[in-house]
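J.: Protein sequences, first through last, are from chains A and B.
Each residue of the first sequence is one higher than the one before, starting from 21 at the first, in my numbering.
Each residue of the second sequence is one higher than the one before, starting from 18 at the first, in my numbering.
Hints were generated in silico from the structure; no laboratory data involved.
What you are looking at is a predicted structure, and each value in this text was computed from that prediction instead of being measured.
DSS-like, lysine-lysine: derived pairs with alpha carbons at most 30 Å apart:
1. A:K59 / B:K152
2. A:K24 / B:K66
3. B:K97 / B:K112
4. A:K23 / A:K77
5. B:K112 / B:K66
6. B:K203 / A:K24
7. A:K24 / B:K110
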Amino acid sequence: MGKKFAPHEPVEDVLSAADAFLDAEESEARWQAFERDQKLCRVLVELPQPAYSKLEKLAHQRKRTVAHLVEEVITGLADAFALPEEKA
Amino acid sequence: MMPISFNARSAVSNTGPLISALQSNCMYILHQFYDQIHIPEYELQEYEKHGAYQETQDLVEGGFLVVHRDFTASENDAAKYIANDIAGHRATKDKDPAHHLPESLAMVLMQRSNLGAVELLIDELAARDVARLRKIPVIGFPGILIRACQQGIMEPEDVLIKLNECRKQGTHYSPKLIDEIFERLKNERLKRL
Numbered sequence: 021m022g023k024k025f026a027p028h029e030p031v032e033d034v035l036s037a038a039d040a041f042l043d044a045e046e047s048e049a050r051w052q053a054f055e056r057d058q059k060l061c062r063v064l065v066e067l068p069q070p071a072y073s074k075l076e077k078l079a080h081q082r083k084r085t086v087a088h089l090v091e092e093v094i095t096g097l098a099d100a101f102a103l104p105e106e107k108a
Numbered sequence: 018m019m020p021i022s023f024n025a026r027s028a029v030s031n032t033g034p035l036i037s038a039l040q041s042n043c044m045y046i047l048h049q050f051y052d053q054i055h056i057p058e059y060e061l062q063e064y065e066k067h068g069a070y071q072e073t074q075d076l077v078e079g080g081f082l083v084v085h086r087d088f089t090a091s092e093n094d095a096a097k098y099i100a101n102d103i104a105g106h107r108a109t110k111d112k113d114p115a116h117h118l119p120e121s122l123a124m125v126l127m128q129r130s131n132l133g134a135v136e137l138l139i140d141e142l143a144a145r146d147v148a149r150l151r152k153i154p155v156i157g158f159p160g161i162l163i164r165a166c167q168q169g170i171m172e173p174e175d176v177l178i179k180l181n182e183c184r185k186q187g188t189h190y191s192p193k194l195i196d197e198i199f200e201r202l203k204n205e206r207l208k209r210l
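Bound-form chain B, shown alone (with noise of 0.2 Å):
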């Protein structure tokens, strides 16, 4: 792997943003905003799971996801604790504290100074909420696509289109969230018209 020089847009995530993104053909979004994106290797077995194995590995390979296997007993006992907040938490309908191992991992990953990651990519209320309250910054996969947005990298109508296609392939963005980000989209372009 080629070094990334010492200014990369380093950022960590969680499984979902990244299957949205593969689910949306939206990769290249992430590649524009990240120069890495760091993952602990408990997500590796849920990539896998979800049928995007090869699609990981050569972003693996290209040296745009980074794959954390070192963590400490320390680091495992923080996201335990973790685990067990996000199991607690009201807006989780999974209650066992080791399905949520590999975004504790992820929030880890995030507290670690050297990595200089800026924002953890996560989409799940429970989580966000857990991650919050530890002051880690958080973006999702739509606010991902409204940034790009905003950039003029895409258009409101782009933006509908791909969230949609993560609805079709099962992603829980529902209809009304879909909607209301193309609409204040929509007129966000009319106001700089």
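One chain only, chain A, in its complex shape (with noise of 0.2 Å):
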């Protein structure tokens, strides 16, 4: 690991195992309703290295997630390739 940093609020009580638990089971539910709200459908992409560090730099470089970055890539590419009939 490299820098440390000081914690925050070090004597206050934090949640338990079973509230993280929880937290993550209930943030996933939000997240899926998020998706279908806004009609998204998750990819996972994994991307060996040095590739992702690029990607990352990249992304930096633009002020963009690399989520983001990917999302635009991946889009222009389905629309460069698309079937004649999908353009028409």
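Quick one: dock chain against chain with the hints and give me the complex.
T.: What follows is the structure in structure tokens.
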């Protein structure tokens, strides 16, 4: 690990493990609802290094997140390779 | 800053989860889950106090962190009311409402419908209870790592290392909490195999 950071409110009690799993479950449900609402489909993309780092650097230069950059590139590619009947 | 599309995945964060992400070098996980994280300006002083001034500035310049300074008088009043509730909660040891203003302003941001924030990142028990009473959806940093593990972005062993790293740097994640999360994630992985 690199740089160290002082903890935030270390005397305060934090959530339990049960709370943490409930958080994860409820959060997942919220984001699935968000994706349905926005008509988004989730895609898992696994990139080997250094491809991911390059993408991360590019995203940072363009002030974008990696996820958004991938979304834009894939959408652009899909348009470029669209079948003629889909373009019509 | 480049404009974020209409379907940006937005959240609001209290200081704790972002400090935990920095302590454990997990900001990349937050970048995978969120396009924008909104924070009240009040929190900037806290990041500076924690030694995260430069990291926070980089995140602001990159457009990932959005700092809000534009609270109306009624929003400030609402935040003070929330801060009183947190200070009066049995789970908090800090009974000074002024110390709970940053998380209270974060809750006020969550209540802005034009922000489209889906959840509030927060770890402290008292503030989480107060948020839930106001129907504000919450997730703590351990929950974010659990989601990452359940989606195959991390392994249970990575979650163990990351939470232990936060603990080493003083964050209040107990060994019991960390062990329980690790064991349950390992069991979930076994069931998937």
